[in-house]
Amino acid sequence: EDQVTQSPEALRLQEGESSSLNCSYTVSGLRGLFWYRQDPGKGPEFLFTLYSAGEEKEKERLKATLTKKESFLHITAPKPEDSATYLCAVRGDNNAGNMLTFGGGTRLMVKP
Amino acid sequence: DSGVTQTPKHLITATGQRVTLRCSPRSGDLSVYWYQQSLDQGLQFLIQYYNGEERAKGNILERFSAQQFPDLHSELNLSSLELGDSALYFCASSAGGTYNEQFFGPGTRLTVL
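As they're listed, the protein sequences go chains A and B. Just add 79 to the spot in the first sequence (first one is 1) and you have this note's numbering. Just add 304 to the spot in the second sequence (first one is 1) and you have this note's numbering.
Warning: the hint list may mix true and false statements.
[To be verified] Derived PhoX-like pairs: lysine-lysine, alpha-carbon spacing no greater than 25 Å straight-line:
| id | chain 1 | residue 1 | chain 2 | residue 2 |
| --- | --- | --- | --- | --- |
| 1 | A | Lys158 | A | Lys148 |
| 2 | B | Lys361 | A | Lys121 |
| 3 | A | Lys148 | A | Lys121 |
| 4 | A | Lys121 | A | Lys158 |
| 5 | A | Lys158 | A | Lys190 |
| 6 | A | Lys121 | B | Lys313 |
[Said to hold, decoys possible] Chain B is nowhere near these chain A residues, computed Cβ spacing over 10 Å in every case:
| id | residue |
| --- | --- |
| 7 | Leu90 |
| 8 | Leu92 |
| 9 | Lys121 |
| 10 | Glu134 |
| 11 | Leu141 |
| 12 | Lys147 |
| 13 | His153 |
| 14 | Glu160 |
| 15 | Met188 |
Hints were generated in silico from the structure; no laboratory data involved. Note that the Cβ used here is the ideal one computed from N, Cα and C, for glycine as well.
All chains, full assembly: derive it from the sequences and hints.
Printed below as a string of structure tokens:
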């Protein structure tokens with residue numbers, strides 16, 4: 080069974096203070112690791128897909144990296160508008176259809 | 305805006321009742337997924353449809369059922385509702401291929417009193 084663990088559960092940063100969010104996973108045959116951003120009461124917003132170890136993707140202040148056991152979401156010089164819950168999900172070979180298995184998320188708060 | 309629409313946004317009902325949630329996927333997407341998000345369980349996969357056919361089932365209760373219609377919109381039916389069914393229900397869609405990203409709708413917040 081695929082498993083995803085995210086840490087920390089919550090993270091408070093000052094504006095401009097860079098940090099990283101961790102996503103550890105176990106999956107049989109990774110067919111994609113996905114990062115989403117979710118604002119309170121809203122649907123998850125797609126950020127990145129990573130497929131193989133060593134892959135990196137960037138978007139504005141966010142950079143996602145992938146190893147064989149974990150993924151990191153690096154946030155450089157965050158702004159208050161980056162405050163949200165960041166969700167990590169995996170799709171594996173054993174998953175029926177294309178279902179995603181999600182982690183519990185990291186709630187990020189960026190103070191001005 | 306992901307292009308996925310869900311109605312209604314909010315639903316308040318009583319225990320034992322039945323409700324229907326509706327989802328329209330992004331234009332061109334053939335796959336529709338339903339997820340449940342509660343405070344203690346996080347985002348949990350319920351069921352997937354691809355071009356009208358059930359493709360995969362997750363931890364979906366027998367009291368819940370879904371279908372995808374020829375115009376590709378989908379409905380999630382929840383019956384004999386219990387207090388514990390209160391949650392956010394999200395629909396997502398994708399083009400259908402194995403590696404395609406899923407795009408989520410705004411969700412329906414269900415409150416069972």
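Q. Which hints from the list above does the structure break, by number from lowest to highest?
A. Failing hints, ascending: 1, 3 and 9.
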